[in-house]
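Engineer: Assemble the whole structure, with the sequences as input and the hints as a guide.
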Amino acid sequence: MKKTLTFREIDGNSTGYYGLFGVLLILIACGLGAAYYMEHNGHYVTGMSNQIVWGMPHIFAIFLIVAASGALNVASIASVFGKPMYKPLAPLSALLAISLLLGGLCVLVLDLGRPDRLIVAMTYYNLKSIFAWNILLYNGFMAIVAVYIWTMLERRFYKYSSTVGLIAFVWRLILTTGTGSIFGFLVARQAYDAAIMAPMFILMSFAFGLAVYALVLAVAYSGTGRPLGGAIVERLRKLLGVFVAAVLFFMTIYHLTNLYATEHHGIEAFILDGNNVFTGLFWLGFILIGSILPLVLCFSSGFKRSLGALSAAAILVIAGGFSIMYVIIIGGQAYPLEMFPGKEVSSSFYDGVVAHYSPTIWEFGLGLSGFAMALVVVLFAVKILRFLPISLADSVVDPHYKEPEIVENAEAATEGA
Amino acid sequence: MATRRSAYLRRYALFASLSIMVSIISVTVFAGAPVPDIPKGKGDKCVEDTQFMRESHMDLLLHQRDDTLRRGIRTKKHSLKECIACHVVKDSNNQAISAANPKHFCRQCHDYASVNIDCFQCHASKPGKKSVSTGLGTIRPDSEFGLAEAHSLKGGDAL
Amino acid sequence: MKQQQNKIDTYRRKFLGEGVALAATVTIAPGVLLHNIARAKPAEEAVTSEVRWGFLIDANKCASDCNACVTACNEENGLTGFDRPETDAQWIRKVTVRDKQTNFSVNLPMMCQHCAEPPCVDVCPTGASMKREDGIVLVDKHICIGCRYCMMACPYKARSFVHETLTDQLPDMPRGKGTVESCTLCVHRVDRGETPACAEACVDAEKGAILFGDLNDANSDIAKRIAAEASTQVRGDLRLDPGVRYQGI
Chain A
1 MKKTLTFREI DGNSTGYYGL FGVLLILIAC GLGAAYYMEH NGHYVTGMSN QIVWGMPHIF
61 AIFLIVAASG ALNVASIASV FGKPMYKPLA PLSALLAISL LLGGLCVLVL DLGRPDRLIV
121 AMTYYNLKSI FAWNILLYNG FMAIVAVYIW TMLERRFYKY SSTVGLIAFV WRLILTTGTG
181 SIFGFLVARQ AYDAAIMAPM FILMSFAFGL AVYALVLAVA YSGTGRPLGG AIVERLRKLL
241 GVFVAAVLFF MTIYHLTNLY ATEHHGIEAF ILDGNNVFTG LFWLGFILIG SILPLVLCFS
301 SGFKRSLGAL SAAAILVIAG GFSIMYVIII GGQAYPLEMF PGKEVSSSFY DGVVAHYSPT
361 IWEFGLGLSG FAMALVVVLF AVKILRFLPI SLADSVVDPH YKEPEIVENA EAATEGA
Chain B
1 MATRRSAYLR RYALFASLSI MVSIISVTVF AGAPVPDIPK GKGDKCVEDT QFMRESHMDL
61 LLHQRDDTLR RGIRTKKHSL KECIACHVVK DSNNQAISAA NPKHFCRQCH DYASVNIDCF
121 QCHASKPGKK SVSTGLGTIR PDSEFGLAEA HSLKGGDAL
Chain C
1 MKQQQNKIDT YRRKFLGEGV ALAATVTIAP GVLLHNIARA KPAEEAVTSE VRWGFLIDAN
61 KCASDCNACV TACNEENGLT GFDRPETDAQ WIRKVTVRDK QTNFSVNLPM MCQHCAEPPC
121 VDVCPTGASM KREDGIVLVD KHICIGCRYC MMACPYKARS FVHETLTDQL PDMPRGKGTV
181 ESCTLCVHRV DRGETPACAE ACVDAEKGAI LFGDLNDANS DIAKRIAAEA STQVRGDLRL
241 DPGVRYQGI
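Residue numbers (this note's numbering), protein chains in the order written: chain A, 1 to 417; chain B, 1 to 159; chain C, 1 to 249.
No lab work stands behind these hints: they were computed from the structure.
Don't take every hint at face value.
What the hints assert, rightly or not - DEER-style ranges, computed between Cβ atoms:
#1 32/A - 57/B: 28 to 36 Å
#2 101/C - 81/A: 41 to 49 Å
#3 81/A - 116/C: 44 to 52 Å
#4 40/B - 21/A: 56 to 64 Å
#5 118/B - 265/A: 54 to 62 Å
#6 40/A - 46/B: 32 to 40 Å
#7 241/C - 348/A: 45 to 53 Å
All values derive from a computational prediction rather than experimental measurement.
Note that CB positions come from ideal geometry on N, CA and C, so glycine has one too.
Structural biologist: What follows is the structure, encoded as structure tokens:
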């Protein structure tokens with residue numbers, strides 16, 4: 001007997017729910033306080049300087065923005081690629097996309113030197129700037145995904161969800177290309193100025209977005225006691241593994257290409273074999289923790305249908321994601337500019353030396369509040385709207401589900417014994 | 001059923017409450033509100049008349065800043081430096097005060113209207129010391145007229 | 001006899017007095033005339049691309065122990081330091097470049113190169129980072145939101161971010177917390193017909209390493225020199241066409 005799929009709001013009455021809500025609100029308040037402190041005193045209170053201009057807040061913000069576009073993947077697989085088993089997962093995916101983007105943008109805006117000039121940023125556009133395009137793309141994304149959610153939640157508009165889903169899918173590919181190009185278009189720095197930045201960011205968005213989605217799903221369903229079947233877990237596990245492998249592939253190509261060019265040996269030695277935090281974060285954080293361990297967890301048959309393995313892999317991928325963001329963003333700035341290639345340069349303005357960066361608590365606070373903001377939105381939305389299916393058990397969602405057979409002989413045998 | 005007495009009472013109550021409100025408001029107006037005490041600028045009149053300035057000084061600033069910064073037009077009439085030079089307010093030590101002091105010319109009206117002044121986060125709000133020009137020596141030696149003599153005119157040397 | 005002597009004395013005094021007056025007038029008048037003629041375009045005229053301002057910097061003349069240009073720039077623009085070298089603004093700095101193979105070292109001042117194709121202008125989301133028609137690259141701090149993307153994009157690390165609240169800015173050089181700034185080629189002096197402070201200070205320090213002028217004017221000293229002598233642009237391979245050229249590097 002196939003049950004029909006029903007979405008329902010969560011009860012959201014438990015102490016766990018309110019406790020989590022409270023913790024997240026406290027984190028948001030801390031972040032707002034940190035932003036006020038930074039804006040009021042000036043950025044000298046942070047670890048950012050004239051050498052490292054983008055720091056911890058940007059790492060959080062860019063991770064959140066990249067994950068946001070990737071979180072929409074699950075919904076795209078349902079609407080654009082028509083896979084029936086992903087359809088119940090789609091509304092949460094779209095919700096996460098908006099909320100993660102919102103969290104990331106809040107952090108980015110609050111870190112600006114003049115956050116009071118946000119309205120200037122929304123009205124004056126230099127269209128040659130990829131940053132300006134990103135601002136347009138982010139706002140458009142939120143609008144389109146909002147419409148997408150509407151088509152998915154309201155029955156009479158469901159027939160439009162494929163079309164809107166396709167628009168959202170294309171839009172978010174352009175958006176992530178734009179985010180990667182923020183770095184890819186910079187000619188000045190050795191670590192950037194590479195065409196591979198855009199596609200690499202797209203693959204990273206797939207991996208990070210799915211990792212966050214899987215974690216939120218796991219927490220939501222174990223928290224509310226709603227059933228989450230092994231079929232969906234297995235699909236997501238395998239998919240995460242594929243995305244992690246793809247990111248690893250792109251990262252390999254990026255570094256191999258750089259290693260081939262003698263011109264780039266400096267930056268490669270700095271990142272891959274330097275006596276610094278970036279090398280540690282790259283090999284330990286991104287390669288081992290963020291790629292190899294998740295690959296084992298995702299592809300090893302011993303973890304088949306295991307929610308624990310999926311959740312662990314997701315956490316590891318997120319940790320790896322933060323590591324590689326640190327390496328790309330901070331490492332790319334810490335390596336000195338090659339103003340006089342091949343020469344040794346020194347000055348009073350830190351030319352020719354590796355720049356130093358120690359993030360302060362203000363920056364961590366601001367960054368964490370972005371995550372908290374995203375989660376608060378999700379927590380609130382699933383309570384007031386029907387984002388989560390009542391059951392994601394195999395019997396409900398798996399089109400290939402077979403009722404387990406009742407073996408008569410075995411029962412008779414045990415009775416007789 | 002409304003009696004004549006209750007009609008009188010209602011009218012009386014209405015009148016009483018209205019007069020109480022008016023007296024409260026007028027007391028606050030006369031007692032506390034900081035009506036701007038606009039200091040007089042130098043000279044006999046401003047470059048534009050007062051009413052125009054009240055209505056449009058913001059538009060002038062917005063327009064002039066782009067003309068000056070982006071197009072290099074540095075006419076004196078609507079120059080911010082000239083405004084500040086004329087509308088300078090001095091304290092008891094005869095020193096010009098900055099916008100941090102509520103007696104500053106701009107602060108008087110802006111405080112009253114509760115409009116934040118963003119300009120003085122970057123712009124100097126009091127006139128500076130006259131920049132020390134070294135006179136003839138600062139002319140670009142490679143000026144359009146390409147005269148080598150320009151060098152020798154430094155410090156008033158003879159031709 | 002005495003009367004005649006007095007008359008002669010008076011006559012001599014008058015002659016000397018008038019002569020000196022005439023000499024003084026003859027001396028100063030052309031200067032005044034020259035000053036008026038050589039003054040920059042009239043105040044009400046916009047700048048045009050007929051002019052392109054630039055520097056020619058001779059690193060051979062730059063001394064390693066001289067900081068005149070840096071000091072002059074800091075004074076001219078009111079760049080107060082807070083004893084925090086990592087976050088204090090530096091618009092011009094002395095750079096030492098050493099050849100690793102030959103051990104030969106040069107010194108040179110490095111500032112905003114005022115590129116013809118500035119990457120900082122390309123990347124600014126609001127258009128605050130801009131290039132004036134006469135080639136001077138500026139930050140329009142009225143619309144700068146302080147995102148620091150231009151600082152990431154500059155190959156010369158020319159830009160600084162204002163990390164703290166500022167007071168007592170100079171009237172000629174507004175600067176404030178939360179915006180990005182860099183060498184303005186002393187645009188406030190250039191528009192008055194003067195040379196940038198660093199160039200003037202270098203002349204005063206008797207090095208003369210920094211030559212300022214109009215690159216588009218074939219008769220200017222700078223144009224004549226770069227047409228006759230070798231000069232390079234830093235990171236010329238990026239094809240940004242900086243307005244600052246160097247010799248001796």
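Engineer: Go ahead and decide if the range 41 to 49 Å is satisfied by the Cβ distance of residue 101/C to residue 81/A.
Structural biologist: For residue 81/A against residue 101/C, whose Cβ atoms are near 58 Å apart, the range 41 to 49 Å is violated.
Engineer: A range of 44 to 52 Å was offered for this pair. Does it hold for the Cβ distance of residue 81/A and residue 116/C?
Structural biologist: 48 Å, holds
Engineer: Per the hint of 28 to 36 Å, is the separation of the Cβ atoms of residue 32/A and residue 57/B within bounds?
Structural biologist: 35 Å, holds
Engineer: Taking 56 to 64 Å as the stated bounds, is the beta-carbon spacing between residue 40/B and residue 21/A within them?
Structural biologist: 59 Å, holds
Engineer: Could you check the hint for me, namely that residue 241/C and residue 348/A are 45 to 53 Å apart, CB to CB?
Structural biologist: For residue 348/A against residue 241/C, whose Cβ atoms are near 27 Å apart, the range 45 to 53 Å is violated.
Engineer: State, for the Cβ atoms of residue 40/A and residue 46/B, whether the hinted interval 32 to 40 Å holds or is violated.
Structural biologist: Since residue 40/A and residue 46/B have Cβ atoms about 35 Å apart, the given range 32 to 40 Å holds.
Engineer: Lying within 54 to 62 Å: is that true of the beta-carbon distance residue 118/B to residue 265/A?
Structural biologist: Given about 48 Å between the Cβ atoms, the range is violated.
The structure shown violates the earlier hints numbered 2, 5 and 7.
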